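Okay, here's what each chain looks like letter by letter:
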Amino acid sequence: MTPVTPATPTAGARADAPRRPAGPSRGARQERRLGLLLCAPAVLVMLAVTAYPIGYAVYLSLQRYDLRFPAQAHWVGLANYGAVLTSTYWWQALGVTVLITAVSVAVELVLGLALALVMHRAVFGRGTVRTAVLVPYGIVTVVAAYSWQYAWTPGTGYLAALLPEGSAPLTEQWPAVALIVLAEVWKTTPFMALLLLAGLALVPEETVRAAMVDGAGFGQRLRLVILPLMKPAILVALLFRTLDAFRIFDNIYVLTGGSNDTGSVSILGYDNLFTALNLGIGSAVSVLIFGCVALIALVFVKLFGAAAPGAGPERR
Amino acid sequence: MSARPSTRLSTRQARSLTGWGIANLAVVLYALFPVWWIVALSFKDPATLSDGDFVPRTWTWANYRGIFRTSEFTRALVNSIGIAVIATTVAVVLGTMAAYAVARLRFPGKRLLIGVSLLIAMFPPISLVSPLFDIERVLGLFDTWAGLIIPYMTFSLPLAIYTLSAFFREIPWDLEKAAKVDGATPWQAFRLVIAPLAAPGVFTTGILVFIFCWNDFLFAISLTSTTSARTVPAAIAFFTGSSQFEQPTGSIAAAAVIITIPIVVFVLLFQRRIVAGLTAGAVKG
Chain W
0 MTPVTPATPT AGARADAPRR PAGPSRGARQ ERRLGLLLCA PAVLVMLAVT
50 AYPIGYAVYL SLQRYDLRFP AQAHWVGLAN YGAVLTSTYW WQALGVTVLI
100 TAVSVAVELV LGLALALVMH RAVFGRGTVR TAVLVPYGIV TVVAAYSWQY
150 AWTPGTGYLA ALLPEGSAPL TEQWPAVALI VLAEVWKTTP FMALLLLAGL
200 ALVPEETVRA AMVDGAGFGQ RLRLVILPLM KPAILVALLF RTLDAFRIFD
250 NIYVLTGGSN DTGSVSILGY DNLFTALNLG IGSAVSVLIF GCVALIALVF
300 VKLFGAAAPG AGPERR
Chain C
0 MSARPSTRLS TRQARSLTGW GIANLAVVLY ALFPVWWIVA LSFKDPATLS
50 DGDFVPRTWT WANYRGIFRT SEFTRALVNS IGIAVIATTV AVVLGTMAAY
100 AVARLRFPGK RLLIGVSLLI AMFPPISLVS PLFDIERVLG LFDTWAGLII
150 PYMTFSLPLA IYTLSAFFRE IPWDLEKAAK VDGATPWQAF RLVIAPLAAP
200 GVFTTGILVF IFCWNDFLFA ISLTSTTSAR TVPAAIAFFT GSSQFEQPTG
250 SIAAAAVIIT IPIVVFVLLF QRRIVAGLTA GAVKG
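Chains as they are written, first to last, in numbering that gives the first Met the number 0: chain W, 0 to 315; chain C, 0 to 284.
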């Protein structure tokens, strides 16, 4: 699969790992310096563009800062957080976001698993299936969102034509949320499926066959053998997708613009910033979203023991 | 299983083969029908634009001619290409350096690098929009190419580092040792021996990062205000019809199809690599 075929087994590379046993020799010092030097630009860029701004966002969130009256900016402490946390808009948006995240990730897991099994067992056209599946992954979200939007617009769309006369699903809250989930699921299931497929490829064929010989049906093999062995891959896929779904913005922006109470927290943050021009409130929303995402990541790592993808390189 | 040695197909196997074949077909249709719909829409003329037909009754290039006549779209296309290419190049160069160090060298702070990139991979972009908006206005970066390149390369660095370090661990490192025995310094070993071997992985990562930058919408609408840096996804959202009574549906569909072309080309040419790259970072990582 990988473009470079290893000329030697990786075990060989591993065997020479403790090359320099004790004391920082000249070579080791050189290696350490090179390592730091090579990483420095990436680390500096990442810190400068995320750590500093998020700190600045915290600072902004403690200000009354209306972009229409920048001269009147002043310190208000936690007032912005109070305003956000007591407003129904925030809880409404949070509810919609959590709902969209939970439903779409759950559907994606099931569909993605099915897709992974189809791709794994593909008897012909393996390349075709994988190529086709990469299209939703690669396509610009806004493009896909417009395709769905026009499809569901009465008069323009072929899907709207299938609905009872006079229904405009994108203008009602629950149908619109369902269509947002649908657009999200279409776009991201392939990614989920590819991650699961890679996990599926790590399940030893003999184990599955042994279970089959022992008389396990397809359902039993899946539930008792394949899924437990795929657990690490499933958790990583779930973590990635949950965090990603929680940030949902593009699909909602195009499909409904957040009207009729279909806005996510990201939409709420954007609106406060660019429609209400309130940098203070907008920043408070930003910081709260950041907190939610950190909480989700923490829950995954602590509760489910999802191996953080970053743990890998140290494991070698 | 498919790898079974017997070549004779029993009825049961034949039926299961058909079943999987139908499943394959269903997957392909699932993946492609929204794409087909927007393509069909882009070729309809104004009269049939809203007929809801899945296949245009009459085919016309009018929508494409229309968007290429306006600088609103052509300028956005130039912005999209320029910004994505520069951001990808920078991210891949920085990512290659860091990933080589992660995969290969022993140095303190490796955990910090991995921790930081993991954090950023999970970072909600909206949290950065408000501070970046304010910072960029002060620094004069708002509504410039650099103003978008900076967040794009930052957010694609974790992707680049993970994918590349997964690829780098597959490289036959004995060659590097051989080069060192021959008197090469670590830097020479990196530049002359490993870099050429790593090229396919670097290329794959470049495609993934490009797709990521090409896709962005939130930064593109937040950190631009005119056509001077607005990329196509953002420009589409601001399209207006040629008259106030006309919906810009045809123009949007045509512009949407244009920016889908590079994605389809990448996917067709490099399907294997993209799959390998996407899964390398997440599973082996």
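Treat the hints as calculated values from the structure; they're not laboratory data.
On a predicted model such as this, the values are computed, not experimentally measured, just so you know.
One should not assume that every hint holds.
What the hints assert, rightly or not - In silico lysine-lysine, BS3-like type, Cα no more than 30 Å apart, as pairs: (1) C:Lys109 to C:Lys179; (2) C:Lys109 to C:Lys176; (3) W:Lys301 to C:Lys109; (4) C:Lys176 to W:Lys230; (5) W:Lys230 to W:Lys301.
As the list claims (entries may be wrong) - Simulated restraints, written as ranges between beta carbons of each label pair: (6) W:Leu226 to C:Pro199: 26 to 36 Å; (7) C:Arg110 to W:His119: 43 to 53 Å; (8) C:Pro195 to W:Pro69: 52 to 62 Å; (9) W:Ala105 to C:Ala46: 55 to 65 Å; (10) W:Pro231 to C:Gln187: 54 to 64 Å; (11) C:Gln246 to W:Arg67: 48 to 58 Å; (12) C:Trp58 to W:Gly256: 40 to 50 Å; (13) W:Val212 to C:Pro195: 46 to 56 Å; (14) C:Thr57 to W:Tyr58: 50 to 60 Å; (15) C:Thr73 to W:Asp65: 50 to 60 Å; (16) C:Val137 to W:Thr170: 34 to 44 Å; (17) W:Leu226 to C:Ile80: 20 to 30 Å; (18) W:Arg25 to C:Ser224: 14 to 24 Å; (19) W:Pro69 to C:Ala25: 40 to 50 Å.
Ideal Cβ placement from N, Cα and C applies to all residues, glycine included.
Hints, one by one, checked against the model:
| no. | hint | in the structure |
| --- | --- | --- |
| 1 | C:Lys109 to C:Lys179 | 23 Å, holds |
| 2 | C:Lys109 to C:Lys176 | 22 Å, holds |
| 3 | W:Lys301 to C:Lys109 | 22 Å, holds |
| 4 | C:Lys176 to W:Lys230 | 37 Å, violated |
| 5 | W:Lys230 to W:Lys301 | 15 Å, holds |
| 6 | W:Leu226 to C:Pro199: 26 to 36 Å | 33 Å, holds |
| 7 | C:Arg110 to W:His119: 43 to 53 Å | 35 Å, violated |
| 8 | C:Pro195 to W:Pro69: 52 to 62 Å | 53 Å, holds |
| 9 | W:Ala105 to C:Ala46: 55 to 65 Å | 43 Å, violated |
| 10 | W:Pro231 to C:Gln187: 54 to 64 Å | 38 Å, violated |
| 11 | C:Gln246 to W:Arg67: 48 to 58 Å | 32 Å, violated |
| 12 | C:Trp58 to W:Gly256: 40 to 50 Å | 31 Å, violated |
| 13 | W:Val212 to C:Pro195: 46 to 56 Å | 47 Å, holds |
| 14 | C:Thr57 to W:Tyr58: 50 to 60 Å | 58 Å, holds |
| 15 | C:Thr73 to W:Asp65: 50 to 60 Å | 37 Å, violated |
| 16 | C:Val137 to W:Thr170: 34 to 44 Å | 40 Å, holds |
| 17 | W:Leu226 to C:Ile80: 20 to 30 Å | 43 Å, violated |
| 18 | W:Arg25 to C:Ser224: 14 to 24 Å | 55 Å, violated |
| 19 | W:Pro69 to C:Ala25: 40 to 50 Å | 56 Å, violated |
Hint violations for this structure: numbers 4, 7, 9, 10, 11, 12, 15, 17, 18, 19, all remaining hints satisfied.
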